[in-house]
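Chains as they are written, first to last, in this note's numbering: chain A, 1 to 115; chain B, 1 to 416.
Source of the hints: derived by calculation from the structure; they are not laboratory data.
C-beta: ideal position from N, C-alpha, C; glycine also.
Be aware that one or more of the hints could be misleading.
[Claimed, not checked] Away from chain A, derived, C-beta distances all over 12 Å, residues of chain B:
(1) G127
(2) A133
(3) P194
(4) P234
(5) P267
(6) E274
(7) H287
(8) E288
(9) E352
(10) R368
[Claimed, not checked] Here are the simulated lysine-lysine pairs, BS3-like style, with alpha carbons at most 27 Å apart:
(11) B/K203 with B/K50
(12) B/K47 with B/K103
(13) B/K203 with A/K96
(14) B/K103 with B/K150
(15) B/K203 with A/K32
(16) A/K96 with A/K32
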Amino acid sequence: MPAVAALPVQFAALEPFVTAWALPSENARSAKRWASHAEDFRRFYDAMLPRMPEVLAYLDEFPLHGLPAEARPLYHLALAFAESAAHVELYGGANKVPNSFDQARFMAAHGERTD
Amino acid sequence: MKPGSARATGTIAARMPWTSRYPELGTGPLPVEPIISPALFEQERTKIFKRVWLNVGRVEEIANPGDYKVKRLDVARTSAILVRRPGGEICAFHNICPHRGNKVIPESGNETFGRARANLLTCRFHGWVFETAGAVRSIPREEAFADLHKACFGLRPIACEVWEGFIFVNLAAEPEQSLTDYLGGFGEHFSGYPYGESTARYKYSAVLNCNWKVSLHAFSEGYHVSTIHSGTSPNLMRFEHKDFRLFGPHSTSAFFVLPIAGLEPSPASALFREVLHRSERHRPRLHEIPPTMNHERRTDFLFEFPVIFPNMLLHLSAGNGYPGMTYFTHHFWPLSVGQTLWEGTNYFRPPESASERIAIAHTTAYHRNGWLEDTSTMEDTHAALSSGVLEEIVLMDEEIMIRNTHHHWDRYMRAA
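Hey, can you work out the whole structure from these sequences and the hints?
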């Protein structure tokens, strides 16, 4: 956990996930997904899902392209949740899509973007 | 038991209602040789890919005067520069300097983007400068060349036309048809949708160790959906794939998802769907699809699903299928007889809030995961077909778009 809080105080309970999951690009978040275990996905999912309506409402107080620095880690956590939920909801905690092509060979043209 | 002597009862017309509407396609098997023959692959370069119109981009990718995109076209052993002129027109050129053949624009990967400053392109080798209309503007030490007719030393043009914001090139010296004539009824069927509003694009690509037609054909049918997509898409286990229509080498169809009792979207998917569906821009907007599609105006319409000869698919769903997604495309670029660059691109109207952006990331991830399932069979299929064990493959009724693609592939390959 970072020594200085990365999230707005009302989301302090999500602070333990910041270092691992609040990653700014899809490529970085994909690398985290591929390296995660069932329990990592489950803990992150269970912590995020009930807070998501509140998280989205908080983020929507700012213009999308003018998110202040204090909102960005939370924004990246929410993106990581959006991209990883299927591992819990559909894939039984597996870190790859069952019976799939090698995900490392899929290139995302937008993969390094941080918007 | 031989294919065709199956125990199924009923006439061909009853078993294959779509295929039997097009008797010119027949109902027989397809040969495997076009998939594995190096000699036929060499012929495809000239008889198909240097003859027909190929979609190489969208106008929004080069929105401003001077913007360019360089698209590698390995199948024709060239790269196309697509550049927007000050008046808005888009021109295409081979990426080769007419002096000694260097690439005018250095490329990084399959697609390279940049901007021609002051609407000029400069070859970095010896500094020849070209206008974005192609003419050579200046040649350093021009006086040291013998009898150089500058008019003959412009960039080598490629025929380029735009349909509904999709940029097409034709590598023939003189295309035998305009793009409008080439697209024919397909172009009319898909015209009128506001494609240009969906400027948010999320594109994936992969080099697949399979022939381009293995990949194209796998994405050209819905027969695989209930097996291949059972992991990511339990909601797609009941569907209808119908309304097949052929437009010369192109074809189309409509895909519908049927309800499954007791199956609810997962909590995250339900949450993000709600975010997009309460937005006027991202909600299902079935009224926007062209009037010739989904003529019954069914609300369980997932997408209109065509094959655009030779190597493109364009799924139009107007936000009624995957949440927020207006349309998506596939392209299959041959690299060698056994290697293909696949590109899949998802299009959305741009998000205007963080919650919309995050919900779009969910849809994109879900669809990417489905594509990881789709692509999982292709290298196995190619490897197995390369054994030569099978000389033919067989198709069921709803694989008719594969049959049509092959029918016209054969027609092009037989042409002189």
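Q: Please work out if A/K96 and A/K32 have their alpha carbons no farther apart than 27 Å.
A: Since the Cα atoms of A/K96 and A/K32 sit roughly 11 Å apart, the hinted pair holds (cutoff 27 Å).
Q | Distal placement of B/E274 relative to chain A, Cβ over 12 Å | A | Non-interface label fails for B/E274: nearest chain A Cβ at 10 Å, not farther than 12 Å.
Q) Would the least Cβ to Cβ distance between B/E352 and chain A come out above 12 Å? A) The claim is violated: B/E352 sits with its nearest Cβ about 6 Å from chain A, within 12 Å.
Q) Straight-line Cα separation of B/K47 and B/K103 no greater than 27 Å? A) Roughly 26 Å between the alpha carbons, so the hint for B/K47 and B/K103 holds.
Q | Restraint check for B/K103 with B/K150, where alpha carbons must lie at most 27 Å apart | A | Answer holds: B/K103 to B/K150 is near 19 Å, not above 27 Å.
Q: Decide if the proposed pair is consistent with the structure: B/K203 and B/K50, CA atoms, cutoff 27 Å inclusive.
A: 26 Å, holds
Q.
Does A/K32 sit within 27 Å of B/K203, going by the straight-line distance between their CA atoms?
A. Given pair B/K203, A/K32 holds - Cα atoms ~20 Å apart, limit 27 Å.
Q: Would you assess whether B/P234, listed as outside the interface, keeps its beta-carbon beyond 12 Å of every beta-carbon in chain A?
A: 8 Å, violated
Q: Could you let me know if the closest chain A CB is still more than 12 Å away from the CB of B/P267?
A: 6 Å, violated
Q: Could you check that no beta carbon of chain A comes within 12 Å of the beta carbon of B/P194?
A: Since the minimum Cβ distance to chain A is about 21 Å, B/P194 lies beyond 12 Å and the statement holds.
Q. Would the least Cβ to Cβ distance between B/H287 and chain A come out above 12 Å?
A. It holds; B/H287 is separated from chain A by about 27 Å at its closest Cβ, greater than 12 Å.
Q: Confirm or reject the statement that B/G127 sits farther than 12 Å, beta carbon to beta carbon, from all of chain A.
A: 31 Å, holds
Of the hints listed earlier, those the structure fails to meet are numbers 4, 5, 6, 9, 10, in rising order.
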